[in-house]
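Undergrad: Spelled out, the chains give:
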Amino acid sequence: MTPIELYIHIPFCVKKCLYCDFLSGVFDEKMQRRYVAALCNEIKYVSAKHPGCIVSTIYIGGGTPSWLSEDLMDAIITTVKQSFKIDPLAEISVECNPGTLSSEKLNVYRSIGINRLSIGLQSANDDELKELGRIHDYNRFLHTFDLVRKAGFDNVNVDIMTGLPHQTIEKLEKTLSSVTMLRPEHISAYSLIIEKGTPFYDKYKFDAVKQQAGMPTEELPTDEESYRLYKFTMEYLENKGYKRYEISNYARNGKICRHNVGYWDRVPYLGLGLGSASLFDNVRTDNIRDIYKYCEISEAIAAGKNVPSEHTSPYYASEEVLSKKDAMEEFMFLGLRKIEGVTRSDFYQMFGIDIEAIYGPIITALKNQGFMDAKEGRLFLTDIGIDVSNQVLSQFLLDK
Amino acid sequence: MDQSKIRNFCIVAHIDHGKSTLADRIIQMTGTLTDREMQAQVLDNMDLERERGITIKSQAVRIIYKADDGQEYIFNLIDTPGHVDFNYEVSRSLAACDGAILVVDAAQGIEAQTLANVYLALDHDLDVIPVINKIDLPSADPQRVIEEIEDVIGLEAQDAPQISAKTGLNIHDVLEAIVNQLPAPKGDVNAPLQALIFDSLYDPYKGVIVFCRVKEGTLKVGDKVRMMATGAEFDVVEVGYFGAGQFIPCDELPAGMVGYMTASIKNVRDTRVGDTITHVNKPAPEPLPGYKKVNPMVYCGLYPADGAKYPDLRDALEKLQLNDAALQFEPETSVALGFGFRCGFLGLLHLEIIQERLEREYNLDLVTTAPSVVYRVHKTDGTMIELTNPSNLPDPSEIDYMEEPIVEAEIMVTSDFIGAIMDLCQERRGQYISMEYIEETRALIKYTLPLNEIIYDFFDALKSRSRGYASFDYEMKGYMKSELVKLDILINKEEVDALSFIVFSGTAYERGRKMCEKLKDEIPRHLFEIPIQAAVGSKVIARETVKAMRKDVLAKCYGGDISRKKKLLEKQKEGKKRMRQVGNVEIPQAAFMSVLKLDED
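Top to bottom, those sequences are chains A and B. Residues 1 to 400 (my numbering) make up the first sequence, in order. Residues 1 to 601 (my numbering) make up the second sequence, in order.
No lab work stands behind these hints: they were computed from the structure. Each hint should be verified, as a subset may be incorrect.
What the hints assert, rightly or not - One-sided and incomplete, this derived list gives chain A residues near chain B with beta-carbon spacing under 8 Å:
{"#": "1", "residue": "25"}
{"#": "2", "residue": "27"}
{"#": "3", "residue": "214"}
{"#": "4", "residue": "226"}
{"#": "5", "residue": "227"}
{"#": "6", "residue": "247"}
{"#": "7", "residue": "279"}
{"#": "8", "residue": "282"}
{"#": "9", "residue": "283"}
{"#": "10", "residue": "320"}
{"#": "11", "residue": "323"}
{"#": "12", "residue": "368"}
{"#": "13", "residue": "389"}
{"#": "14", "residue": "390"}
{"#": "15", "residue": "393"}
{"#": "16", "residue": "397"}
Quick caveat, the model's predicted, so the values are computed rather than measured. Built from N, CA and C at the ideal position, the CB exists for glycine as well.
Pulled out of the complex, with its shape left as it was, chain B reads as follows (with noise of 0.2 Å):
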């Protein structure tokens, strides 16, 4: 196979700017799918995925073109993930390309993403080549954008195709310019093999397909390899190539080449995204830069909402996991929701996801409760725990000091609402670092804030301060010193542990306040009167009062009409049934999720 003629690279956007539109016109374009093939964005496999447009796992896909030259190309395009949760998975991903295209939409122009993912690329030594879309939206401005291509990342836009994948006009131009203006791979075939693994999934038949670039070597079906940093050992079964939607063996992957191996592999965990395949016989000196193990970020209790579901999550969570080496979970109990898990998550999309998939595809009810962020608990002893569950929160004596992880934000934002997002920054304990204008109109202001100041409803925030008009990306920057206390919510004078959560001390008496008033609406009323209360320690800092119920009666019965009457009385029964006790207290499942959102509204 000849190396110059084979080009890897990957699409980079912000969200919304046509990505996955853009791809999909290209795999359909070089005639790889026909159109009654052609699903609308077919590299989005997951229903989730295509329902909210946004990528979740990478996806690859091979495709033959036959440029203007006479010649026939080998195009590799890797579809990466679109969100700052996903952060690692896209460097991985774009570590196996060799160029990449950058999708500015011709109306919104560069975002808080577009940047951050054309930083990323440049960081992995990718050429990259813009490309206008949306220049059929009447409000495109592609002229304004190309200078702002030009002025903010500096790279060279004039001559930047101007297309609309929506339509398909001018990606002949995109197709031309991948093939002259992004590099052919390098590698020589016969080094020692490392192959970077950027994605896996899990095939019940062939079990893990991982998802490789070969850079040095070749990989054969039958050779004996080595995952280097997790040090597992396999049999090659199968090597291939990524048809659309399907996968192609081959005989072997020479370097420079993107396709996959089965070994049957039975545990995702074995195949880490970021790690390098070698031969066993003729290793690799060493691995291929920049792998490392991911761990969580977010984590919260999932229970199902029957408590009989309970070893459906379990092999739920299992299925899910053998797709998603980054979740993770393990068996936890609270008083108030019975059997559960405590999740880790890369991010709250992250959780958002596997929720909702576990609903959707596993068909289970399930009661989430705070997300809560990785503290470190300094004890006076001179150990340190890391602190996923409020709950485990050791008592305050034996606590030396407590600290909390902080992110650097990048926030793009019209100039009439610098202020007010600014504001938000500085609500949520954020440190100002910088702002430039990166146009007369726009800036881009830089902070640093608490992950946990940001997990909850941050990004709902900045968009109802900027009206839409705010794009936010960031980054973790590690941990800082704070003083933090756990908030507790008693109900009826009786902790609620699913309730529990860890806050910043100066803002626990408004967030105090804020759950007490929003779980008095929640609790339906009973025959008695139910306090609610927040305390911190035993000091109590707000309470709420659920007033008794003082008048419930059936008044009218109709012709003897007994049935009708048992069916209301059934019905005031079943209600209950959905409902957790704690104490005398009925708390309705709701309940426990609407706390997670807490806006000033």
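One chain only, chain A, in its complex shape (with noise of 0.2 Å):
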């Protein structure tokens, strides 16, 4: 059996956030029906395609998965498990926001087999969650926290960002000890981006140009101001007993997030839903993102139609085979974001060839600049390697 991992999407928010370009959208209760319906077409078709594996971890992800009704996750929950053989143990997560859990709900994620949520908090002031356009306060977020522990979830993430406009270290105190103090299991920490294509970007773009280059910014933090959040946040969290394992990822009592590490580790993993990513024997895929289109075809699929596509299954959009060098790039690039960074044993078996052979020069380097080291057979990036971690990475990238 082939461990796996699967990723759901759920493409639905109640209200788009202003910084955010993930594939999403406002969708009324009948389109999130249709949606859900053809998800679970998609489902069947590619455990059918998929035969002899056993999936290790679930992910539910958005959009705000939390927003669906609870017959909704109930039946996207069934029809994995009709589909799938699952591990007993799996982990099964789903992305939530404030305000939209209710403690029904909550008691059917229990009884459906959900083990862990991560809560997007972002900040505990609520000018801040009112900038980024969130839907929820503070005091809701509480509230949403009480009733997730209420419900007997031992496993819960919570969100929050640094680098927001104007954003203090005295702001980022506040939220960081306000979320530690509730002691969740686990706390993703990111870094604003300003993406193309958000209200953010139309805002901030010029700001964003002058903080990469490490100008005076109006809004932003400068370049140094969001170096210093990003490292207060480290040391904070480091100090409350959450010990950082990846780039943005803290864990209390090793409750990290086993599906986020797998992304990592290059475990297989299939995609489902709206523009979702799979790897699969060493293939990447992209499904579609027309959410219309998306419903078409699985629809066609499931009334037993024919549905063309140059592809080799209809819901890609894309499709790359990994040679060799694309797969040592990757076994780098997403390996290195571990703080235990990778090992020689596992370079080795998995390409037969040592990874000095391939990346000796550069490895040698970093570690005279201070930015990578060596232990145990182990390679992994220091702290100021980690820091600069988009400079130090995009080194492994091997030349055509």
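Reconstruct the complex from the two isolated chains, following the hints.
TA: Right, here's the structure in full:
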């Protein structure tokens, strides 16, 4: 049995946050029902094409999956269980936003096997939440967190953001203390990225360029400030017993997100739903991103019609067969996101060649610059290497 | 052919006063071209000329005009380049004419180039007919302009045709003035041949096409001819005259005619502008006056952005040189930029044109180093070298003294800005010569200026300090002893040869400081701190620091979308490829060019 992970995408939001460029939108319940039906069709279709797999983690992300009514969530999980063999110890996560959960809903989640929740708080300061275009305030989050704990969830993540406009160390400290006080098992701390096509891009694009260039900014923190915010977060969380295990992820008592770690370890995963990505047999695929087309294709397949496609599945918008070079690059730039890094033996086992034969000079140079270190057969980024990981990781891309 | 029915003339004007438009209109009105064939500004052949509205190469056209007296006249109209960089070419074109039409803008009046060009025409003994153009403009004030022409130039202008070349108004008056006021050529068709070369052009099938004016004698197909300055000899294959946009062969070009000849000539260098063509068998006793070999004034390094394109750049330069004897180049190497060429140009405009043509017509991405003039370095051993590349400056201990080229500049400006312009000239080490008011509100200022002070951004500074009202022209005046030093730029302690330049010692500190500031903005932050230093000899005179990058993390990962993450990393890596590696530092191509503009802003 091949262990695999499942990612299931729910592209619906109550309201689009101003910084968000994820594939999601505001759709009514009718559309949600149609989509979930299409999604269930895809789950069946995909499972039939991937026999002999055992699912070790499921991650239902979005959008705001917790906005779906409980019967729809039930339908999805039930279909997954009917279609795939699930490890009894599987991690099953759902992304939630404050204000979209009720105790009834949470009880259904528990009963269908969901055992991990990720709550998007982002900030404990209401002015910052408003600026971000979030639908909730801090009090609403506290209420949600209480419901979650009362429903018996003992593996909970809270998302927070650093590098917000006008964010100061004091404001960040308030967020960090408000969150750590509640003792969630896991905290993800992401830096705000100004993405094209978002209202934040229109508002902050010049500031973002200035930040990148290390120049004085208007509203976003300067590069130097944002560095301090990021470092402060790290030190604060580590002091409170949260161990960083990946660039932006911290866990208490070893309760890491197994699903996410699977991405860095290149465990095969199947993406289900609109726009979701998969890695299987060294082929990376992306699903189509048009929700109407997605539903039509899925409905046609369910009706037994032949859907022509230039790809190996009508759901795919692209597929790329990874060469050995691609796979080696991924092994490095994904594996090194983990604080523990990669091991020489894994590299050798995977590619039949010594890691030094491919990356020797780069590793030596990065070690000399203090960005990388080695211990007991492991290669990993140092703290300052992680700080500039984009720069460091890009060096592991090989010339064509 | 009846010489009395020929008129050889050119049109001179300040830039934008409508020279090319008038030429087009004359060609159109005389029926040389049908309206359908008429393309705006026929004489400007190159796209670049049309776009910039300037003439780069001389062009000529033969027109038949049936005058009011019932007679048919042959007009040979020679369009001359309109920029100071091409002054010598202009003077040779003028020498091919017997008369000139002076076009003056009815609103702007006389400008610096108007004067320079009209004096040049008078120097060549040309009869000049003034024409007031753009009288359709609301701001036109022809009476004021007429008075200006009479007062400043001393030309009778009361009866000058008042025209609009754009709308075609009163063009007929111009045509009649050409017939009645310009002289017919003289010259003995049986005398020994003297034909003046005023331009040439390379054609892949015919070889070099030589544009010439026959002053004495007759040039025929089959003649054996000699270029009197270069000594090259050829058998004439074809002679002819200029139709609009085409060459029309004929049997012979007698004295007084303007036309072309071909003789399977492979190299434009053999047919220098200004040279005299004569017969091998019956040579003229002496060449026509005025020939000189033009030398480049401004040099810079041209490098392909992609090192693998070096052979392409060489081929392109060779092709451009076929048409442009003034362009010089020789291979050079730079530690920072790799293999490239040190190229010599007549001036900054010439440089820009070549650069633009290489990029546009040959699809090359170029990195250009700071332009440099030709310095004379007198060494302690008594020898002198002409320095075109700052990197080749000998050790200071070997240098006795240095000289730099000097120009005499004429700046015409409205009285409000005289102070500002004089300040500018002073800042640029100018030496005041004179100032005269040509009318109540405008003055002509003359200064001696070092050429290296005007090749960077003088023109821009002039325009900005006069709100666009100043016009400018200059002429080479020779060399002057000067305190010059080589300013080196060190990036992360390594000297970057492509950024070195020669500068007046008194302004070295200021230049060095600006260079460092500019480079600090251009060089992206690295994973380590990068000092940028300006140094004269071993002495550091300015310093800036590009701080180390502290944080660059790709925080989020969306549903395992690894391809997107990889694309971002690839972009990061690609960005580096477009940079030049100097030691550990990656310098963007643009940095090499941005330092050319060190304006006060």
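Undergrad: Against this structure, judge whether each hint is valid.
TA: Now for the hints, and whether the structure bears them out:
1. 25: violated (15 Å)
2. 27: At about 18 Å, which exceeds the 8 Å cut-off, the nearest Cβ of chain B leaves the hint on residue 27 of chain A violated.
3. 214: holds (5 Å)
4. 226: holds (6 Å)
5. 227: holds (4 Å)
6. 247: Residue 247 of chain A check passes; min Cβ-Cβ to chain B is 6 Å, inside 8 Å.
7. 279: holds (7 Å)
8. 282: The hint is violated - residue 282 of chain A has no Cβ within 8 Å of chain B, the shortest such distance being about 12 Å.
9. 283: violated (12 Å)
10. 320: holds (7 Å)
11. 323: violated (13 Å)
12. 368: violated (11 Å)
13. 389: It holds, given that the least Cβ distance between residue 389 of chain A and chain B is near 5 Å, below 8 Å.
14. 390: With Cβ-Cβ at 4 Å, under 8 Å, it holds.
15. 393: holds (6 Å)
16. 397: holds (5 Å)
Taken one by one, the earlier hints fail for this structure at numbers 1, 2, 8, 9, 11 and 12, listed in ascending order.
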